[in-house]
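Modelling step: build the complete structure from the supplied sequences, incorporating the hints.
Chains as they are written, first to last, in the working numbering: chain C, 2 to 166; chain W, 1127 to 1742.
Hints were generated in silico from the structure; no laboratory data involved. Possibly wrong hints are sitting among the right ones.
[As the list claims (entries may be wrong)] FRET-style restraints, in silico, Cβ to Cβ: (1) E74/C with V1617/W: 29 to 39 Å; (2) S1188/W with V46/C: 33 to 43 Å; (3) V1381/W with Q51/C: 23 to 33 Å; (4) Q1241/W with E74/C: 33 to 43 Å; (5) D1563/W with E119/C: 47 to 57 Å; (6) G1256/W with E119/C: 51 to 61 Å; (7) T117/C with D1361/W: 53 to 63 Å; (8) E1689/W with T111/C: 17 to 27 Å; (9) S1188/W with G103/C: 57 to 67 Å; (10) P1190/W with R128/C: 52 to 62 Å; (11) S1332/W with G103/C: 48 to 58 Å; (12) L53/C with V1617/W: 46 to 56 Å; (13) L1164/W with E74/C: 43 to 53 Å.
Given the structure is predicted, the values throughout are model-derived calculations rather than measurements. Cβ coordinates follow ideal geometry from the N, Cα and C atoms, glycine included.
As a plain string of letters, each chain reads:
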Amino acid sequence: MSAVEYADVVVPHKPVPLRAISGRAASSRWPKATFPIALLSMLAVGMIGQLLLQTKIQEQGFELAGLQNEAYELSAQQAILQAALDKQFTPQQLAYSASQLGMVANPYSTLLVLPTGEIIGSGAKVRGNEVPIISKAPTLPSNPTADDGVRDAMQVNPQTLGGQP
Amino acid sequence: MSKPRSTRNNSIWQAKLGQPYTRATTLLVLLIAFAVVLSVRCLYIQGFDPAGNAAKALEPVSLPLPATRGTITDRSGQVLAESVPAIRLTADPTIIATNGMIRESMSLADRLKAQAGPGLIAGILTTHLGGDYQTYYDKLSTTKNEAGGELRYTVLAPSILTYSNLDLQDKLSDLGYVGFFPEQAPVRNYPNGTLAANILGYMVYSPELDQEGKYPWTGGDGLELSLNAQLSGIDGEEIFEASPYGRIPMGTSVVTEPQEGISYELTLDLPLQYMQDQRLAEAVKNSRAKFGMAITMTVHGEILAISSYPTFDPNSIGEADSAHIGIPAARFSYEPGSVQKLLTMAAVVDKGIVNPHSRVVVPGKIESGDSYINDSWRHDTVHLTATGILVRSSNVGTITLSRQLSKEELVGYLEGFGLGSPTGIGLPGEESGFLPDASMSGQTRDNISFGQGLSVTALQEVAAVATIANKGVYVSPRLIRSATTSSGTPVDVPSPTVRRVISEEASQQVLSMMEELAQEHSRNINVKGYRVGTKSGTAQKIDPKCGCYRLIIPSYIGVAPAEDPYLVTYVVLDNTPGGSGTQWAAPVVQDILQVALPRYGIAPSTATPEDLPLFW
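Now the structure itself:
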């Protein structure tokens, strides 16, 4: 190669100094951490979203279960209170209560026939021994029974019922 | 010195990874590989046995929705039997022994806590449920069964009111112990205790496994047994999709609502039942009878009260004497004795053979087969009217009249009155009794005419006499008045059998004879304000100890008011050491009718009965 051949080369007056540049910067406009950060962000958003959804579902699930349980308990309590009420209507209980109030049976009925106004029978005073069946002061059953259980559940605290086979 | 080969390779690889293109390619390859794996998995799941895989993943869960057992009430709606929700508290003693931990991995603290468990738990159970501390403790700490194997199940409390169970469970949870398992175990509550217990029956666990491998709760006797299928209803279920993590939100859920049991209203009148029970119990004790039965029904077949004593409390069936459980009125068959003469008399009157005034020559005894039959009262030949035969309860006179009927006619009448076959009242195990057919011997014919040589149940006999009181029309006795579904829709109930047996005129004539008899017995039966018609029975019974007739079955039946009968009451006492129906059973009939007649608004009698002659 001769010196003449090099004469056509333009040489700037002040050459630009050389500097090191990174390969990534040279090949992409974005910082190299952006991609994994975006991926991680999406994953995090997804996980948080799922967590929130899961939490909400569980919360509602618990609420539903609680309400169902409460409904069941209330219906059970209603049934038990009804049983206690039924106990108060038993003939034994009514006879006992009537006896405690000093009431006695009067078998001498008097009927008024409508529309004639005819009176059949004649009422009479009673002493309380006219009907031997119910003349004695009735007593409540002494042996423990289901109704005792229900009654006591309302008044004292035994929580067991009879009637279980 | 050159670098080792591996180090050089790593350097090359790191250098390549450092290249953006290489990294992107690697990531892409990994993503593609991941996508391929997912696709293959999807293909496998969806392409091969998709239904099976879906089933595995979804795990449909079935939750039983038990049907509520129907309620039984009396004629005024008063509850006789009802179901109350309750919990059966069970425990696994093996779990409790280690408090649910693996024994080998337990620390000293865990062991000490587990050892203290049974005592602490027993204390809480005693406080909450009552009962014996030691019993609870033994159940909780017994980990071996009788065969020496692990004991995994014990019942701590058979039935606890459901809402009380919450508090108990909280207390147990606070202790930090595990191994308790509450089970749904509804109890059947009979608020009236022993009243009508024989009719209602009781509940038991069936000895046979059902389709779910459980021992179903079922009726053990009485209406609880005979109406078990209808009362039970049909359990429902909820089927929903679930994963191992629980129910899948928005997943499929199919609910089959339970069909609640049918509720029944009976013809029974509970207050009358109570009074009848009281009176019968007193009579059984006074007469030293083995047991007694009393039935009050309308002449139209509606059973108002049906008592037996001794009886039992269905609430505590386990404590009941087995001899007292059952339905004597439908299952105990016996020779009815002289009450049977009413049916014989009704037959001969209906046939026109006699009327209340007919004159009959009654000898002191009458030959029957190879022996003689006489009356319970010694007499020579007497001149009795047909009414006199009934009032004096003459065996000889009744035989004399019954011989005017052919055997076929007699059997036909008795079958018409309902003897020899169950009444169809709907109670389980109802007896037919025994009625000889028309090929019977002459001696047997003589015997059945006055109440021996055949057997009846109390239900059959009272229904037969009610026929006479009901203008000659037989109406089979019934207990069920109506039935409804849980939504109130009426359900058909069996209709009674209705048939005419004797004419209305014959019925009236026999009633007048019964009324004459009541006047004869006025010292033992006097229903103030009302006319009644009655008949006593004092049947003899063979004592198995001697094989001889020396036991007595006193009975008495009354219909009132005699001028227009509405009620029939029948009382039977078994195995009294002596006495008669008039002595022991008549006062019971009187007292029951005395309270029953005004109760149903029956106007007191105003007319005077006809006085019928007994002799001529």
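Taking the CB of D1563/W and the CB of E119/C, does the distance hold inside 47 to 57 Å? 53 Å, holds
Supplied distance hint 51 to 61 Å, evaluated on CB atoms of G1256/W and E119/C: At 60 Å between Cβs, range holds.
Assuming the hint says 48 to 58 Å, is it satisfied by the Cβ distance from S1332/W to G103/C or not? Once the Cβ atoms are compared, 49 Å apart, the range 48 to 58 Å for G103/C and S1332/W holds.
Cβ-Cβ distance between L1164/W and E74/C: within 43 to 53 Å? Holds, at about 47 Å.
Using the beta carbons of S1188/W and G103/C, state whether their distance is inside 57 to 67 Å or not. Holds - the Cβ-Cβ distance for S1188/W and G103/C, about 59 Å, lies within 57 to 67 Å.
E1689/W and T111/C, beta-carbon distance inside 17 to 27 Å? With Cβ atoms ~19 Å apart, the hint holds.
Does the hinted range 33 to 43 Å hold for S1188/W and V46/C at CB? Given a distance of about 38 Å, which is inside 33 to 43 Å, the answer is holds.
Do the Cβ positions of V1381/W and Q51/C conform to the proposed distance bound of 23 to 33 Å? Since the Cβ atoms of V1381/W and Q51/C sit about 29 Å apart, the hinted range of 23 to 33 Å holds.
Looking only at beta-carbon atoms, does the pair P1190/W, R128/C fall within the given range of 52 to 62 Å? For P1190/W and R128/C the Cβ distance comes to about 60 Å; the hint holds.
Do the Cβ positions of T117/C and D1361/W conform to the proposed distance bound of 53 to 63 Å? Holds: the Cβ-Cβ distance is about 58 Å, inside 53 to 63 Å.
Does the Cβ distance between E74/C and V1617/W fall inside 29 to 39 Å? 31 Å, holds
L53/C paired with V1617/W, Cβ distance criterion 46 to 56 Å: Taking Cβ atoms as reference, L53/C and V1617/W lie about 53 Å apart, which means the hint holds.
Hint violations for this structure: none, all hints satisfied.
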